[in-house]
Amino acid sequence: GDSVTQMEGPVTLSEEAFLTINCTYTATGYPSLFWYVQYPGEGLQLLLKATKADDKGSNKGFEATYRKETTSFHLEKGSVQVSDSAVYFCALSDTGGTSYGKLTFGQGTILTVHP
Amino acid sequence: NAGVTQTPKFRILKIGQSMTLQCTQDMNHNYMYWYRQDPGMGLKLIYYSVGAGITDKGEVPNGYNVSRSTTEDFPLRLELAAPSQTSVYFCASSLGPGQGSYNEQFFGPGTRLTVL
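Protein sequence lines, in the order shown, are assigned to chains C and W.
For the first sequence, this note's numbering begins at 1 and goes up steadily by one.
For the second sequence, this note's numbering begins at 1 and goes up steadily by one.
Hint data in this document are derived by calculation from the structure and do not stem from the laboratory.
Remember, it's a predicted structure, so these values are computed and weren't measured experimentally.
Each hint should be verified, as a subset may be incorrect.
To be verified - Calculated Cβ distances over 12 Å to all of chain W for the following chain C residues:
1) S3
2) T26
3) L46
4) G61
5) R67
6) E69
To be verified - With a Cα cut of at most 25 Å, we get these calculated DSS-like pairs of lysine-lysine:
7) C:K102 / W:K57
8) C:K52 / C:K77
9) W:K44 / C:K102
10) C:K56 / C:K68
11) C:K77 / C:K60
12) W:K44 / W:K57
Here a beta-carbon is modelled for each residue, glycine too, at the ideal position from N, C-alpha and C.
Same shape as in the complex, but just chain W (with noise of 0.2 Å):
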C-alpha cells in the first residue's frame, strides 16, 4: 500500500494563477480531508468528504475548491492564488467515524506552495 499520495511536493505560484493539488488513497478510505498548516499553528481543516459526490466546508475553506468523484482521489484547487494562501497542504484520509478505527487519519506527506 501507498497509503496517501499528494502531487508536487513543492510549487511556487504568482499572484492570480491557479492549481490543482491531487490527493490520492489506496486504503479504500470513505472519509478525506485537506488541511493547511501554516507556521507555529495547528492545522486547519479546509475541506472534507465523507464520500465520492459528497463535499462539505471545513474551518477555512475560503479560495479553494474541491471535488470526489472517485473515492481514491480528492483534489484541491486554488482558482486565483493569493499571498495568504503560502502554506503546507495535507490531505488525509480515514475510514470515518464509527468504523471501528477511532477516526485514525492518515496523512500524506505533504504540498508546500509559495505565492509570489
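Isolated chain C, as found in the complex (with noise of 0.2 Å):
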C-alpha cells in the first residue's frame, strides 16, 4: 500500500536559518504530493502541493519538487522565521480510477523557530 514517510523531529532552528524537511514515498501509479501544516490549536492547512514528476510547489517561502526518480518531495525554506514553528505533514493522494481522494499522512515533523 501507499507509505509515506518523513524525517523524525523535532527540529530546532534559530530564525532565519535554513530549513529542510525531508519526505519520502512509496506509492503505486502516479500520486500528488502534498505538504500541509497545522499551527498550535488549528486544523491541517494545505502548504503547497505537487501533481506530476517535476512540479515544483511553493507557498509563503518554502518549495518542494516531486522527485518521481527518488520518490521524494522534499519541504525547504530559505530563512524560516518564528512564525513558522508548526507541525508539517506530507501526504499523498492516489489520484488511481477507483479512488476516493484518500490523503496517506506522514507522521508529522515538529518545527520550532527561536527568535
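Assembly of the complex is requested from the two constituent chains, each provided in isolation within its own frame, with the hints serving as guidance.
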C-alpha cells in the first residue's frame, strides 16, 4: 500500500536559518503530493502541492519539488521565522481511477523556531 | 464561508459512554472524511463519504459509525467509548479527485476527545 516517511523530529532552528524536512513516499501509479501545516490549536492547512514529476510547489517562501526518480518531496525554506513554528505533514493522494481521494500522511515533523 | 466547522472542541467521556462529533461544511463539497490524530503519528482515516447517502470505511473504522443524510453534514458516532479512542479528531472535505482540485482537502479545527 501507499506510505509516506518523514524525517524524525522535532527540528529546532534559529530565526533566518535554512530549513529542510525530508519526505519520501511509496505509491503505485502517479500520486499527487502535498505538504500540510498545522499551527498550534488549529486544523491542517494546505501549504503547497505538486501533481506530477518535476513540478515545484511553492507558497509563503516554502518550496518542494516532486522527484519521481528518488520518490521524494522534500520541504525547504531559505530563512525561517518564529511564525513558521508548527507541525508539518507530508502527504500523498492516490489519483487512480477507483480512488476516493484518500490522503496518506507521514507522521509529522514538529518545527520550533527561536528568535 | 465558514469552511469546515466541528463541535465540540473538547470533550471528556467515561468508558462506555456514547457521543456524536459534529462536522459541517458550507463549500458544497461532495467528499467528506473523518481522521484521527494520535501523538507522534500522522492522521489515520476512519470513514469517508463521496456524497449524501454514501459512506465507507477507512483504515481504522472499528468503534465508530457515520451517516451522511445531507451534503453539508457528516457526524461521527462513538457508541461505547474506550480509552483507545482518546485522540484528536479532524473532519475534512473536498471536491473529490478528478474535479480539477487535486483533491485538496479542507480541515476543520478538530475535536480533542479524552476517554477515562
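Hint check:
1. S3: Non-interface label fails for S3 of chain C: nearest chain W Cβ at 10 Å, not farther than 12 Å.
2. T26: At about 14 Å from chain W, T26 of chain C clears the 12 Å cut-off, so the statement holds.
3. L46: Answer for L46 of chain C: violated, closest chain W Cβ roughly 5 Å.
4. G61: Holds: least Cβ distance 20 Å, greater than 12 Å.
5. R67: holds (18 Å)
6. E69: Given a closest Cβ separation of 22 Å, the condition holds.
7. C:K102 / W:K57: holds (11 Å)
8. C:K52 / C:K77: holds (21 Å)
9. W:K44 / C:K102: Given that 25 Å is the threshold and the Cα spacing comes to 10 Å, the pair holds.
10. C:K56 / C:K68: holds (12 Å)
11. C:K77 / C:K60: holds (9 Å)
12. W:K44 / W:K57: This hinted pair holds, its Cα atoms lying about 12 Å apart.
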